[in-house]
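Asks: Going line by line, the protein sequences match chains A and B. Numbering follows our numbering, with no gaps: position 135 of the first sequence is 135. Remember, our numbering sits 1000 above the position in the second sequence when you count from 1.
In short, the hints are calculated from the structure, not lab data. Take these hints with a grain of salt, some might be off.
[Unchecked claim] Not everything, but these chain B residues come out facing chain A in the computed CB check (under 10 Å):
| no. | residue |
| --- | --- |
| 1 | T1065 |
| 2 | V1097 |
| 3 | G1101 |
| 4 | Q1315 |
| 5 | V1328 |
| 6 | A1330 |
| 7 | A1362 |
| 8 | A1414 |
| 9 | Q1415 |
| 10 | K1416 |
| 11 | A1419 |
Ideal Cβ placement from N, Cα and C applies to all residues, glycine included.
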Amino acid sequence: MKRTTRIAALAGIAALVLSACGQAPTGGGSSPTAGGTAASNFRACMVSDQGGWDDQSFNESGHDGLLQAQKELGVQINAVESSAPTDFVPNVNNLVQDNCNLIIGVGFNLEAAIHQAALANPDIEFALIDSSFSDASGNPVTIKNAKPILFNTAEAAFLAGYLAAGMTQSGTVATFGGMQIPAVTVFMDGFYDGVQQYNKDNSKSVKLLGWNKATQTGSFSGDFSNQAQGQNLTQGFIDQGADIIMPVAGPVGLGAAAAASDAGKRLIWVDSDGFKSTEHGDIIITSVMKEIGQSVFDVIKNAAAGNFSAEPYVGTLENNGVGLAPFHDFASKVPSELSQKIDSYKQQIIAGTFKVESQNSPK
Amino acid sequence: MSDEPTTEARRPGQPVLESKVDEVGRGVLREILESSWVVTLFAVVAALVLGAILIAAADQHVQTTAGYFFARPSDFFNALGSAVGNAYSALFQGAVVNFHGTTFARVIRPITETMTVSTPLIFAGLGIGIGFRAGLFNIGAQGQIILGAILGGWVGFTFHLPVGLHLLLAVVGAAVGGAVWASIAGVLKATTGANEVIVTIMLNNVAVYLIGYLLTTPMLQAPGVNNPISPPTPPSAQYPLLLGSQFRLHLGFVLALLAAVVVWWLMERSTLGLRFRAVGANPHAARTAGMSVAWVTVWVMAIAGALSGLAGSAQVLGTETSGLTAGVAASFGFDAITVALLGRSKPLGTVLAGLLFGGLRAGGFAMQARTGTPIDIVLVVQSFIVLFIAAPPLVRAIFRLPTPGGPTRAQRRAQKRAARAAAQPVTEEVQA
């Protein structure tokens, strides 16, 4: 026993020593210039919500946009993570101290922190994902150095709802949210409408669990981190007969994926293309994508070129700010009439002849 | 001495005085509380060293230079030194003074941030410390902070009262909120013997979902807003800022220091405190001496809860005045447990430990922003500190410190001297 340990230790040390035998680089430590573009003096910074940069969801998407800007535009970046709402203000303040030119807050929770900092630092530009700015009594306000980045996800979620209703075998689909906030319920509203539209077009009665658009009530896991809660909720839906579930709760969706995977059910992912960003590609029919990364990149690009505006960015199907991901593994399983129907609705929405309305859509 | 035997045969319906779990827990607690401050100091040092190793291991430059360690070792050590040096220097500058600040305000801002962040930790840590000294593991500070924030915030934004009175009422509301919540666990323990560890942990969950629910109802949710956030706390109910609007430091910090003095008086000078400590030392003896253990349990939990509720007020009436959200308590309730342990459950120790943890947290933000070191390192360092103080023998072994209870060096010297003065053969015995 002791001998084995000793041999193992020796082998470990040998591995360490050998791995430390590489060649020293010549010419000192010159850092490679990014992407061939000239390094810019523009400093783009970002503060995460509680999820952190590896949430496989909206924080990660935002961070990807920042990294893309660093690579393609050569801007300097700084990204800090928050682990609690009490971290927001100190994090934003530290970025102000760090001489950032543009500070982007990821998530509506950062509204107050970005709002205050924008008023206190008129020489710095700010952007906020998923929320516009409002004053103490809830009236919307415009801050000349702060840009809201918003997404009308109801449009894409409508298509997903239509697809889910067309694909269900049990006649029951489900959705749940992380928290009852507009950026989440806007997905659920669109999904609800999509299911209803399918029922209307095909005289079916596919049931939706977890959300009622009319009463604005439904199921929520309570936060964006507790995966076990997502697993429980999803198991509950499966027990009630649902076979396609759309979790709108960031990383909590991974819990839903675990439950669905075990039960042989399928998912619709949100925010990013779940086929690529998660390990559960084999059960993900499609994803309701919110191109946060692209929008962040665009905002940085404009700001770095001196074209910052406080005009809100609203992602729609039309500008590809929101969209439905490819079906990937399910491409052959989605009936062609169904996918044609979805395409035609997409065109009608873009053309403005068909409207997806939600009280939670950004105004 | 006898109408109540200490190892009693319990009558049905009579609460358990102390379960086996309590007894073991009490032993661990005593071990932690009675080790010396030297162990604490070395625990902090050891934790910082381990943190440094992690910072270095996570640093990309260190990793690259380690790849050719034997070709040019100086690179490796330079990278190592700069990674750890920069991170800890940023941590220090983010927690104490910023040497690069362009204005005086920016130079001293970090220390005020440390005091601000430490405020809820000190409040809640004091409450938990009282519990520890009375032999109660109150893990429920998190829930008590939330309830304090709910009630304090509600009083704040619902009523329109004159300056002064408004703040006073909101602060009292916060204390009452925490006290009531903690008393549930106290009363359950006193009447049924329910283990307070389990009850308080469960009450934490209840509190989290309660605030989540209330934030969707008109009681807390701001009118005209879909988001789960309450109206902001009006200025008349906010703790006044101590150093002007450039700093977040507010009156709550002074109140926390006052609370520490009050707790010291309570525990060391008052009859109530004597009872608390007596029950903590030995509930059987305390009962034999005529004290009501049940009554003490309820009181301890209520006071601990009131202090945690005040921690909630430091948030909702102090730093987070833009509106109450479900995350108002962050992880203060759990961090406060470690603060109380590190502070040996004594008021002064708790204040110092609270400042240390507040500094680590405030400095952690700066460390992350300036050097890209993940703020999780701070959590790791905090955890190591607790791990080390929970295992004093480990720290003593690492740093070759003397064992408590055993003879100190001075004692040993004195013994030797005494032995030398006495007859020669006795020396042998003493040394053996």
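Asks: Hints the structure violates: just list their numbers, smallest first.
Replies: 2, 8, 9, 10 and 11
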